[in-house]
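Q: So the sequences go chain by chain: E and P. For the first sequence, position 193 (counting from the first letter as 1) is numbered 193 according to our numbering, and the numbering increases by one without interruption. For the second sequence, position 326 (counting from the first letter as 1) is numbered 326 according to our numbering, and the numbering increases by one without interruption.
If you're looking for bench data, these hints aren't it; they were derived computationally from the structure. Incorrect hints may appear among the rest.
As the list claims (entries may be wrong) - Reference listing, derived: stretches of chain E covered by chain P, where coverage requires no fewer than 3 residues with Cβ under 8 Å from a Cβ of chain P:
(1) 68-79
(2) 85-93
(3) 105-115
Note that CB positions come from ideal geometry on N, CA and C, so glycine has one too.
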Amino acid sequence: MSHQDIKFYQTGTFTVGNRLLDPEQRSVQSTLERTNALNSGHRACPGCGEALGARYAMDAAMAATDGQIVVANATGCLEVFSTPYPETAWQVPWVHSLFGNAAAVGAGLAAAMRVKGKSDVRVIAQGGDGSTADIGFGPLSGMFERNDDVLFICYDNQGYMNTGVQRSSATPPAARTATTPAVGPHPGHQRGMGKFVPEIAMAHHIPYVATATVADLRDIEAKVTAAMSLRGARYIHILVPCPLGWGSASHDTVRLARMARESGLFPVFEARDGEVTDSLKIRHQVPVEAFLKPQKRFAHLFGKQRDEEAIAYLQARADRNIRKYHLLEA
Amino acid sequence: MLKQVEGSRAVAETIALCRPEVVCAYPITPQTHIVEAVGEMVREGTLAPCEFINVESEFSALSVAIGASAGGARAYTATASQGLLFMAEAVFNAAGMGLPIVMTVANRAIGAPINIWNDQSDSMALRDSGWLQLYATSNQEAVDLHIIAFRLAEAVSLPVMVCMDGFVLTHAYERVDIPEQAEVDAYLPGFEPRQLLDPAEPVTMGAMVGPEAFTEVRYLAHVRQMQALELLPTLAREFEARFGRDSGCLIQRYRSEDADTIVVALGSVVGTLQEVIDTLRDAGHAVGVLAIRAFRPFPLAEVHDALVDSKRVIVLERAFAVGQGGIVADSVRKALQGLPAPIHTVVAGLGGRPITQASLRGMIERGMRDELPSVTFLDLQTDVVERALERERTSRRSGPVAEGVLKDLGVKAMQYV
Ligand SMILES: Cc1ncc(C[n+]2csc(CCOP(=O)(O)OP(=O)(O)O)c2C)c(N)n1
Ligand code: SF4
Ligand SMILES: [Mg+2]
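Take these sequences, add in the hints, and give me the full structure.
A: See below:
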């Protein structure tokens with residue numbers, strides 16, 4: 001990768017960013033050849049975590065494959081904000097078919113590349129948590145089970161944002177959405193057992209499963225790069241805060257992603273062939289409150305009377321993740 | 001090569017001759033034999049290069065085909081009945097994107113009540129999905145129409161359904177002439193996509209289109225169907241010149257030129273009808289048959305010309321629009337607009353009920369005596385229907401309709417295989 005030398009007077013500016021690092025440690029975003037696979041000019045809300053995550057993931061995939069990428073995208077915010085014809089923010093060959101079939105369309109693309117002798121062209125299928133955990137779950141599981149040569153990336157903003165913030169099976173307990181209003185004895189989303197797709201992906205014993213958040217963009221890059229070095233079905237689940245749906249400030253997107261990770265609510269780990277091989281340790285565990293409080297979707301927990309019971313419930317979930325994924329050990 | 005072979009096997013061998021590059025399918029009776037055979041050919045390596053993908057649902061089967069086609073591969077799948085409905089969203093999507101996928105529909109009834117036998121409710125339910133629809137009257141035609149289908153699909157960039165009656169054709173052993181590979185290769189060149197996902201030339205496919213252009217995009221889909229209407233006879237003539245068989249025309253007439261009464265039908269029932277027409281002709285009646293091979297696009301002009309001189313038209317339907325009546329009859333009526341000939345709908349053979357020559361003959365004779373109502377259900381057991389209605393009149397908790405009907409009939413439970 002080529003890089004620019006930094007002039008001394010530039011070092012204090014944000015534009016320089018990680019160009020101060022050794023070249024091999026630098027982000028794909030700092031190279032002159034970054035592909036801008038998801039280009040500027042799209043219509044995501046300010047501070048959209050999904051746009052940030054997709055840009056880093058896709059540029060990393062482009063860098064890892066020498067630009068040989070085709071993408072199948074499910075219906076959802078990412079699809080809508082990036083593409084209304086005749087505009088497109090995609091600098092990669094990209095197809096949107098339906099809400100629930102991105103994994104299968106990806107499998108078809110992979111088959112086409114194989115049969116056409118273009119195995120160097122790699123396939124990414126992607127969508128939101130709704131397309132992943134709910135409507136597209138069958139096709140996704142089928143793609144995993146067949147070990148199709150597809151990397152599926154889920155951008156998890158914990159709800160159906162494109163249709164106006166309704167709950168999905170990835171919505172956390174107690175969160176207010178348009179279909180889980182903050183009323184009644186247990187306001188907000190129900191206390192279900194939840195559906196954490198990375199663990200279900202692992203149960204398919206596919207070569208690679210990883211989680212990440214937009215708080216650690218270099219981690220996203222590293223994981224996409226690792227995924228692209230392998231063949232077969234791979235899955236990366238990225239937590240992407242959504243200012244509109246979460247009722248958070250645009251400038252808090254990265255901070256909230258970090259709080260989700262550092263509270264233990266969202267475990268960040270890597271798994272190969274069905275077994276956890278690594279996890280990103282929490283340096284300073286924060287109480288779940290640090291994640292919950294800045295978001296309007298949890299405001300009812302912090303009203304005149306704090307909902308101690310709900311907060312404790314969520315804290316228990318975070319603590320369970322910490323134990324399960326060994327997030328605090330060195 | 002002439003062979004005595006099961007319809008499904010004949011179609012599978014023909015599919016292989018068409019060199020599909022990606023085949024994906026999910027099993028459903030009566031389609032299974034087709035994809036099992038294609039899968040085996042891929043495994044053995046007799047069909048290569050080809051990727052055969054066993055998917056977890058029909059929705060994924062067609063979605064894989066969509067991805068494969070967008071990636072530049074010739075893609076094929078097959079389904080029936082519940083499977084076709086399960087993939088319905090993708091059916092519209094494939095057509096909307098203009099991906100020339102070919103799909104066999106082994107026609108079967110749709111539940112509830114669940115029923116594995118033949119009628120055409122499945123493909124008829126998706127007649128307006130934007131796919132071209134061809135209906136085979138025999139296994140020979142099924143073979144030939146598949147070859148033509150790939151050529152047609154790729155020429156106009158639209159997907160094609162080749163509909164063949166489940167069991168009646170798929171499971172029937174008949175003599176079929178399966179062409180040679182070299183002949184098929186000469187007729188069907190390799191797939192040159194109009195649109196392609198290619199890193200060398202990135203394009204965006206399937207994005208959103210608003211009110212400013214949606215009408216135009218839909219209109220162009222209609223234009224392409226109209227182009228298919230013009231192209232199909234040309235392709236059929238070319239096919240005939242090469243293979244010596246007329247199999248691809250929009251319609252097929254049988255003893256209808258001077259007929260007063262013409263029966264219109266789609267699919268395998270046409271064969272039975274021809275035999276009935278022969279006996280009626282022998283008895284001195286001016287009757288004939290019109291088979292519609294292309295239901296989408298609908299050949300209005302050809303149907304008009306074939307029926308314009310008749311005194312009455314009977315449309316035999318293997319499906320019907322509940323609450324409305326005949327589906328095919330509606331289109332026929334449109335073709336004959338302004339003409340005095342009455343057009344009757346006869347719904348027959350639902351859920352695999354045999355359509356006997358005797359019933360057909362009786363029905364046509366009633367027609368000739370002008371005694372047919374506008375909609376008839378052939379061989380309907382009216383006493384059973386009356387009893388079910390009576391039950392509903394007299395009891396609120398009348399129970400599952402289908403169970404009541406079978407109890408009234410005194411039928412013992414059928415043995416399913
Ligand atoms: C079959 C079908 N059902 C419903 C919809 C409506 N729909 C479009 S996007 C969407 C939600 C998307 O949620 P998610 O996958 O989480 O993506 P996000 O917008 O949150 O990024 C829904 C319900 C649809 N397009 N298709
Ligand atoms: S609603 Fe949320 S996910 Fe959608 S564009 Fe806005 S911030 Fe991004
Ligand atoms: Mg979402």
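Q: Confirm or reject each hint.
A: Checked hints:
| no. | hint | result |
| --- | --- | --- |
| 1 | 68-79 | holds (count 5) |
| 2 | 85-93 | holds (count 6) |
| 3 | 105-115 | holds (count 11) |
Of the numbered hints given earlier, the model fails none.
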